[in-house]
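One line per chain: the protein sequences are S and A, in this order.
Remember, our numbering sits 607 above the position in the first sequence when you count from 1.
Remember, our numbering sits 607 above the position in the second sequence when you count from 1.
Source of the hints: derived by calculation from the structure; they are not laboratory data.
None of the values given here were measured: they were computed from a predicted structure.
Some clues are possibly wrong.
As a list, the in silico PhoX-like pairs of lysine-lysine whose alpha-carbon atoms are at most 20 Å apart [what the hints assert, rightly or not]:
1) A:K1061 - S:K654
2) A:K629 - S:K741
3) S:K797 - S:K816
4) A:K952 - S:K694
5) S:K654 - A:K842
6) S:K664 - A:K944
7) A:K614 - A:K842
8) A:K1042 - S:K721
9) S:K710 - A:K687
10) A:K974 - A:K952
11) A:K842 - S:K687
12) A:K842 - A:K687
13) S:K710 - A:K694
Here are the simulated distance ranges between beta carbons [to be verified]:
14) A:A926 - S:D660: 52 to 60 Å
15) A:K614 - S:N800: 47 to 55 Å
16) A:N947 - S:Y1002: 43 to 51 Å
17) S:Q871 - A:E1058: 52 to 60 Å
18) S:K741 - A:K614: 28 to 36 Å
19) A:V1076 - S:K917: 52 to 60 Å
20) A:A927 - S:D1013: 46 to 54 Å
21) S:Y1002 - A:A927: 20 to 28 Å
22) S:K741 - A:G954: 48 to 56 Å
23) A:V1001 - S:T666: 56 to 64 Å
24) S:D618 - A:E821: 36 to 44 Å
25) S:T1041 - A:A657: 47 to 55 Å
Here are some chain S residues the structure puts well away from chain A; computed CB gaps all over 12 Å [said to hold, decoys possible]:
26) E634
27) P674
28) K863
29) A1054
30) G1080
For glycine and all other residues, C-beta sits at the position ideal for the given N, C-alpha and C.
Number of protein chains: 2
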Amino acid sequence: MSKSLTKRSEDYSKWYNELVVKADLAENSGVRGCMVIKPYGYAIWEKMQAELDRKFKETGHENAYFPLFVPKSMFEAEEKNAEGFAKECAIVTHYRLKNDPDKPGKLMVDPNAKLEEELIVRPTSEAIIWSTYKGWVQSYRDLPLLINQWANVVRWEMRTRLFLRTAEFLWQEGHTAHATREEAVEESEKMMNVYADFAQDFMAIPVVKGIKTETERFAGAEETYCIEALMQDGKALQAGTSHFLGQNFAKAFDVKFANTEGKQEYVWGTSWGVSTRLMGALVMTHSDDQGLVLPPNLAPIQVVVVPIYKTEEQLDLIAAEVAVLTAALRKLNVTVKFDNRTTQKPGFKFAEWELKGVPIRVAVGPKDLENGTFEVARRDTLTKEVVSKNGIEVYISDLLIQIQKDLFDKALDYKNSHITEVNSFEEFTEVLNTKGGFVSAHWDGTAATEEKIKDLTKATIRCISLDRVLEAGNCVFTGESSVGRVLFAKAY
Amino acid sequence: MSKSLTKRSEDYSKWYNELVVKADLAENSGVRGCMVIKPYGYAIWEKMQAELDRKFKETGHENAYFPLFVPKSMFEAEEKNAEGFAKECAIVTHYRLKNDPDKPGKLMVDPNAKLEEELIVRPTSEAIIWSTYKGWVQSYRDLPLLINQWANVVRWEMRTRLFLRTAEFLWQEGHTAHATREEAVEESEKMMNVYADFAQDFMAIPVVKGIKTETERFAGAEETYCIEALMQDGKALQAGTSHFLGQNFAKAFDVKFANTEGKQEYVWGTSWGVSTRLMGALVMTHSDDQGLVLPPNLAPIQVVVVPIYKTEEQLDLIAAEVAVLTAALRKLNVTVKFDNRTTQKPGFKFAEWELKGVPIRVAVGPKDLENGTFEVARRDTLTKEVVSKNGIEVYISDLLIQIQKDLFDKALDYKNSHITEVNSFEEFTEVLNTKGGFVSAHWDGTAATEEKIKDLTKATIRCISLDRVLEAGNCVFTGESSVGRVLFAKAY
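Turn these sequences into a full structure, and let the hints guide you.
Structure representation (structure tokens):
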């Protein structure tokens, strides 16, 4: 609380890093690239988990748990997938430490405890799960398998940033198996929609739904559906992906079923996931130079009440009023905290809860006691109002709904005003470098052009929007013919 | 369903292994010593998690997340703890795979991607957490830290068994830091009691609360509190532990705080955990030769309704009655499933739900329609009753409470009748080898005697019960003087 945040306009990246730490969301650990998720950050993640888990179960999925380790031979079975992750794998080679004879009190890896086959710490679980599904599927009666797992995964990233890119992260990964291509495609699309609804309704983050180009597709998938969000600095962030795997993993792991005619067929698969990366998207979509701004649906504390008093007698009187208020709010399922710490002044408390993004702050002092009022402040707009205590719980409860909506609308305005159609490469680079956001441009459909544009501008094709209108045009880079625009952006 | 289970009396161990697999709780994976927790098993674990999490939060704890990996130098900082786990650690030594030049399509560990410092896959998280706490604690105002983590851990066990002993398992680990010894001891005891209440009230498993001998104590702890349960084969199972860590980890990681007088002191610590091992305890406490018996509090499905019909018209009539029943049950928060599969006969369904331990099975056929009745069967007693449909939802809801209680009482009777006082080593070995259970005996208090008894009988001191009466006596093995009895048993 002592030092203020770097301003977004000064250094957006620095602002983000400082904010995540100062708001007690997460911090770097003593382990390269791995973060510690602190209680306040984890409480937000728990709220995301609860809502996603509810949505998964509502759509017929069950949770299960598969091993952390994948033997190398299993890992490499689906070659494209293996190749896609090979360069960023943590590998277990030994299973025992022993005393270091040269350094008393220290340990060393026991060379006699080398594994016959190395184990990969899962970067994703298709391999281990499809090797298991082989035993679970015999006939069409065993399908579909609709399974989700909450787990940690490891991808050895060279440059890491809290939540956005860490060597270890938490996520959920759904893995489903179906009798037909149509059903698997439908599942992939359904889960993309579940993610989009979650992002929009719960996180107040508007997204573009689309499909990835071949270059950006998940290794081992036939199609990758995604939701793409736009951060305040004009960079895009992939917030969730859902993959139609075709029969790739079924073939790699020989997962067949007897169809209704008794004929053996390969199973069709999907996988889909979102991760603690969503925490980064949350911070960067709504927060400001004062700190975090949390949508009420995700706020561990929705309302904080700060007493303003000089004497202990005053505090007692205030506490009595606050007890009535908090009881009334809790009845309406509002999470409320009475910050009655005697070790800190109100100004300190105001700044702290502002930094931590609590949606509504209620202050109450001797004047309010006399007048039967509370002062209600919105974190998102930083506006204040004096409200009569009669029926204030309904006022606050309604205000939380309003804040949730306003945050979404504000982010939606920003997103909508940052999708810019361009028709030349000059325009393309100019928009990208000045305004930022999504650049909607014609593209000739080749990976070569995609790569050249990326090399020149750092922009990638975020997705081919599902809403795009087919229109004849010419590639913004090569001039070759194109059937429609795609969305480019610099991205996290 | 096709083949029946091995009987407990024939081969208890085989019965357990078969049951865990056949009831769809878990199975061995393609990864040595690691299990797959199947959806039905995971659903039970989720119920355990939800209740434990509620209890932890109720007692003031917050969740957080710490890295999976522990750098070797950090791991070895608390020497006793490191030594205790060194022999069973999975160790990451490399961070990249590359194409194997000799085997097209295959991968190999890239020798150029060797880590400077090896990473231990956490067998427990004291080291990484206390290295983090150092940054979180400056003054007494920062204490206590009351943090819990839900995570996977890895201990390289040579002989593994589903749930009971696996290389990777799921658990929660609480790690708290306090200003005083008294407060830390109180916390350790409080969490032991939380575990005991959970086991008894929720899992219907009676436990003995006690403290471990020095030999059996957690590596790095000053005191280990435990809850010990008794399985149907007379072997004990440690169901949860809570450790008073003294200042050991604070000293190893230099975690100090300024006390109210501004003086620097080392922090006092605790840690406590329960794991998916509880699933094994659950299975072995209540189940029988027909399969799983689940206490209603933990059953993913509390009531299953099986229709008995010949014609589709009958099924339609039954379905209409069942719809009324299920709606009424759901209003009372009873989880109910209508098994209207047309692919299976009632006999098959009965056997399947019996195997899966659903507490109450309701059957309904044309006769019941005529009479306005349902047939209600209890899984625990395998008894049946015909019940009028009027008010049956309350009957069922009450019956679930009764079953929960009866399961506990039955297990409590078993436990109480299997604590046997012995006064000679002949008696000791005889009771151990015939009757089994806890053998209550005087012990001279030395680790040497403890070890000799273990070598000779395979029995270990499970705990010094918190309820024990101090009484002068002579060690059952050496004849040396003793101040009270301790509980020996063979154990899982």
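(request) List, from low to high, the hint numbers that the structure doesn't satisfy. (result) 1, 4, 5, 8, 11, 12, 14, 21, 22, 23, 24, 26, 27
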